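Chains as they are written, first to last, in this note's numbering: chain A, 1 to 301; chain B, 302 to 824.
In case anyone wonders, no lab produced these hints; they're calculated from the structure.
Owing to the predicted nature of the structure, the values given are computational and were not obtained by experimental measurement.
Keep in mind that the hints are not guaranteed to be accurate.
To be verified - DSBU-like mimics (lysine-lysine), calculated; alpha carbons at most 35 Å apart, straight line:
no., chain 1, residue 1, chain 2, residue 2
1, A, 139, B, 447
2, B, 447, B, 343
3, B, 642, B, 404
4, B, 685, A, 139
5, A, 128, A, 139
6, B, 685, B, 447
7, B, 404, A, 139
8, B, 343, A, 128
9, B, 343, B, 642
10, B, 642, B, 685
11, A, 128, B, 447
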Amino acid sequence: MYLAIEAVGKSYGSGTWALRNFTLNLGPGVLGLLGPNGAGKTTLMSILATITRATEGRVRWSGTDVASNPDALRATLGYLPQDFGVYPNLNAVEFLEYLAAVKGLDAASSRRRIDELLNLVNLTEVRKRPLGGFSGGMKQRVGIAQALLNDPQLLIVDEPTAGLDPEERVRFRNLLSELSGNRIIILSTHIVSDVEATATDIALISQGNMVAHCSPEDLLARVEGKVWEWVLPSADMTSVRQHYVISNTTRRSDGVHARVVGEVAPIGAQASTPNLEDAYLYCLAQHRLGRVQPSSAGVMA
Amino acid sequence: MNSGRVLYHMVRADFLERVRRYSFLLTLAASLYLAYCVAAEKIWIVVGNGYRGVYNSAWIGMLMSICCSTFLSLAGFYIVKNSVQRDADTRVGQILAATPMRKGFYTLAKTLSNFAVLASMVGILMLAAVAMQLALGEHHSLSLWKLWSPFVFLALPTMLLTASLAVLFETVPGLGGGFGNVAYFFLWTAVISLGATGTDDPMGLQLLYRSTRTALFSIDPSSPDRFNFSLTIGGERALHTFRWTGLAWTVPVLLMRLLWIVVAIGLSTVSAAFFRRFDPSRSRQRVRSAVKKALASSTEPKAIAPSPFVPSAAHLTPLVRHGGGSRLMQLIVSELRLMLKGQRWWWYTAAIGMLVGQFVSPDAGVRSGFLIAAWLWPILLWSKMGCRETRHSTGPLVFSAERSLSRQFPAIWAAGVIVTVLTGAGAGIHFAIAGDWRNLATWMAAASFIPALALALGVWSGGSRAFEALYTVWWYVGPAHQIPGLDFMGTTPASSSPVLYASLASILLLAAYLRRRQSLGYA
C-alpha cells in the first residue's frame with residue numbers, strides 16, 4: 001500500500017498554477033501537510049481525493065494510475081473536505097446510512113459501523129436530531145464519521161479540527177494517532193499543534209511548491225540554534241518585525257518577550273529550544289528568500 | 302456617506318456580481334434570440350380580422366416592448382429571483398445585516414439591482430429594434446421616439462414591477478423556494494388575463510388593445526365587432542396591414558404607467574416588512590421545530606454529556622467487504638428516502654387523494670384531470686434531482702465514492718421514476734386493467750420523461766429553478782391545454798405522443814450523464 005504523487009501540477013486557466021511539480025511518496029503513517037493560506041493544500045487534497053483532475057503529472061495508488069482507474073482509490077478512500085454540507089432534514093444516522101449506500105457498503109454491517117462511529121465522535125446522544133440543527137463542530141464530527149465509514153486505507157482530512165472545541169480537538173488527534181497504524185493518513189492544516197501531536201512525517205508547501213518533506217525531528221533539527229528569546233521594549237516591536245521572523249510574542253512587566261527565528265542572534269537575545277512552529281516559519285521564510293531545497297521525497301517508514 | 306451613494310454602491314456591486322457570471326451572457330443571448338424571433342416574424346401581433354401594422358417605428362417599438370413586458374416578466378422573474386438568496390449563500394448578507402443599513406433600504410437596493418439586470422435586457426432589445434426596422438425595410442423613416450417610447454413607458458415599468466415581485470417572493474416566508482416559483486407562474490397568467498377584462502394591466506396590453514382598435518376602426522369599420530389583439534408565436538400570418546402611428550402618451554396614460562412604478566416601490570417596501578435580515582434562527586424555523594420534536598420524543602438526555610467511556614478506534618468492528626453485488630437497490634431506496642424526507646402529512650394526504658381519484662373516476666376526463674394535478678404535486682421533489690449535491694455542498698462526499706457516476710446517477714433517476722409512478726399509479730393501473738395499451742405506453746413514457754427532465758435541468762443548471770419554471774409552463778401549456786406535441790401526459794388521444802417522450806427521456810438522461818461526467822474530475 002503506497003501513494004505516489006509524481007510531478008503533479010494544477011493550473012486554473014490563465015497560467016495560474018495552484019500546484020506545480022509536486023512529488024511525494026507515502027506509506028502508512030500520518031503525513032502532516034502544512035502551509036499558509038493559498039499554498040495549494042486544498043488543491044492537492046482534491047486531486048488525491050479524485051475530486052479534481054491534475055493538469056500535469058500523475059497519482060498512483062499502489063501502482064494503479066488514479067486518472068485511468070479512480071475507483072481503485074475511491075474504494076478505500078475516506079475523505080473529509082474542508083468545506084462540506086449535510087442534508088438538513090436527515091438525522092446523523094440517516095445521513096451516514098445514505099453515504100454508506102453511496103459508498104456501496106452492506107446495509108447490515110454499515111448499520112453497526114455507524115453506531116460505533118457515532119459513539120467514537122461523541123454524537124450518540126444526538127443521533128436522531130436533524131442535522132440542520134447541528135452546530136458547526138457537530139457537523140464536523142459527522143464529517144469525520146463519514147470519512148471512516150468504509151474503513152479507509154487512505155484517509156484524507158482537510159482542516160479537520162476547524163470548529164472543534166479543545167476537548168473534541170484532543171479527542172480527534174488521539175483518534176488519528178490510533179488509526180494511523182496500518183493506513184495512510186494525510187492531515188492538511190495550518191494549525192501546527194495538530195501536526196505536532198499526530199504526524200509521523202511533515203510536508204511543507206508554499207505557493208504550490210514543496211518546501212520540505214521530512215520527519216518532525218528533522219524539521220526541528222533544521223532550526224536548532226536558530227531560535228532566540230529577545231526581551232525588548234514594546235515600542236521597538238514594529239521595526240523588529242520588519243527585520244526578523246517573529247514566531248511568538250508575550251508581554252511581561254519587563255517588556256515584550258519575542259521568539260526570533262534567524263541565522264544570527266540579535267544582540268542581547270538568549271538561545272531557546274525550537275518548536276515546530278519556529279521550524280515552520282523558518283522554512284517558509286527561507287523558501288521566500290529562495291534559500292531552501294526541498295528534501296528528497298522518500299517513502300515514509 | 303449619503304443614502305444615495307450607499308444605494309448606488311449596493312446596486313452597482315450586486316449588478317456587477319451578476320453581469321460577471323456566465324449565466325448573464327446566456328440571458329443576453331436569450332434576449333437576442335427573442336429579438337431574432339420578432340425580426341424573423343416568428344412572433345406576431347395580429348389585431349382585428351387578420352391585420353398587422355406596417356413595420357414602422359411605432360409598430361416595431363410596440364411589438365418589441367410587448368415581447369419584453371410579457372416574456373421577460375415571466376422569464377426575467379426566474380432570472381433575478383436569487384439576489385437575497387445569493388447574499389445568504391455567500392454569507393455577505395450577515396455582514397450587511399451587521400451594518401446600520403435599514404431593511405427597506407436593502408430591499409429597495411435589491412429591487413433596483415434586479416431592475417438593472419432586466420433593464421439591460423430591455424436595452425439590448427431597444428437596439429435590436431432599430432436593426433429590425435432597417436432590416437425589414439417596410440417603412441424607411443426611423444423615429445427613435447416612436448420606436449423607443451413603448452420600451453420606456455411600457456416595458457421598463459413592467460420590469461420594475463417584476464424586479465420588486467422577485468424581491469417580495471424571496472422575502473415572504475414560503476414563497477422563496479419552489480412553491481413561489483410555481484405560484485408566480487399562475488400569478489403571471491392571472492395578470493396577463495387582466496388585460497382581456499378591460500382593466501389596465503401592468504404590461505400595457507389593454508392600452509394597446511384600445512389604441513389599435515381605434516386605428517383599425519378608421520379603415521375597417523366592420524372590425525370592432527370581431528376585434529381581437531393577440532400576441533402569437535408561429536401560427537397563421539396576418540392577411541392585411543394597416544398604418545398605426547403609435548400610442549398617444551397623454552397625461553392619464555402616463556399617470557397609469559406611473560401607478561405601476563408606485564406599486565413596484567410599494568411592493569419593495571412591503572418586502573422590507575418580511576425581510577428577516579439574514580437571522581439564521583428564523584431561516585431555520587422548520588428545522589428547529591423538527592429538532593424540538595426530536596428532543597421531545599427522545600428519552601435520552603437533552604444535552605451532550607461528556608461520555609464516561611472514551612471510545613477508541615480500536616473498538617471499531619472491521620468492515621466485512623462483499624465482492625460483486627452492486628447494491629443498487631439499497632442506493633435507490635436511500636435516494637428515495639432522501640427525496641421524501643421532510644414531507645408533511647398533508648402532502649401525502651393530497652397525493653393519496655389524487656391517486657384514489659385517478660383510480661375510481663369512471664369518466665376519462667375527470668381521471669385525466671386527477672392525473673394532471675397529481676403530476677404537478679411532486680414538482681418540488683423532482684426539482685431537487687441532480688442539484689441536491691450542489692445545493693447542500695455534499696458533492697465532495699458523494700462524488701469521491703467508488704463508482705458514484707455509474708451507481709448514484711441512475712439511482713437518483715430511478716427514485717424520481719418511483720415517485721412519478723406512485724403518484725400517477727391510479728391512472729396507470731386503470732389503463733392496465735382496461736387493456737388501454739396506448740394510454741399505458743404514454744403514461745410510462747411520461748413517468749420516465751418527467752424525472753429525466755428534472756435530472757437533466759438539475760445537473761445542467763445546478764439549481765432547482767430551471768425545472769420548476771420550465772415544467773410549470775410546459776405542464777400548463779401541454780397537458781393542461783392538451784396541445785399536441787407538448788402534452789407529455791397524453792391527456793387526449795390526439796395529443797398523445799409516447800414515442801416522442803420516451804425518446805426525449807433517453808436524450809435528457811444522456812445529456813445529464815455527460816454533464817455530470819464532465820463536472821467530475823475523474824469520471
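Going through the hints against the structure:
1. Proximity of residue 139 (chain A) to residue 447 (chain B) is assessed by CA-CA distance (about 61 Å); at most 35 Å being required, the pair is judged violated.
2. This hinted pair checks out: residue 447 (chain B) and residue 343 (chain B) have alpha carbons roughly 23 Å apart, not beyond 35 Å.
3. Straight-line distance between C-alpha atoms of residue 642 (chain B) and residue 404 (chain B) comes to about 34 Å, which keeps the hinted pair within the 35 Å bound.
4. A C-alpha spacing of about 22 Å is found between residue 685 (chain B) and residue 139 (chain A), which places the hinted pair at or below 35 Å, so the restraint holds.
5. Among the hinted pairs, residue 128 (chain A) with residue 139 (chain A) is consistent with the structure: their alpha-carbon atoms are about 14 Å apart, no more than 35 Å.
6. Of the supplied pair hints, the one linking residue 685 (chain B) and residue 447 (chain B) is violated, its CA atoms being roughly 46 Å apart against a limit of 35 Å.
7. Under the criterion of a C-alpha separation no larger than 35 Å, the hint pairing residue 404 (chain B) with residue 139 (chain A) is consistent with the structure, at around 31 Å.
8. The suggested pairing of residue 343 (chain B) with residue 128 (chain A) is violated, with an alpha-carbon distance near 57 Å, which exceeds 35 Å.
9. About 45 Å separates the Cα atoms of residue 343 (chain B) and residue 642 (chain B), which puts this hinted pair outside 35 Å; it is violated.
10. Taking the CA atoms of residue 642 (chain B) and residue 685 (chain B), the gap is about 12 Å. The hint holds against a cut of 35 Å.
11. The hinted pair formed by residue 128 (chain A) and residue 447 (chain B) fails the criterion: a straight-line CA distance of about 66 Å is larger than 35 Å.
Hint compliance for this structure: hints 1, 6, 8, 9, 11 are broken, all remaining hints hold.
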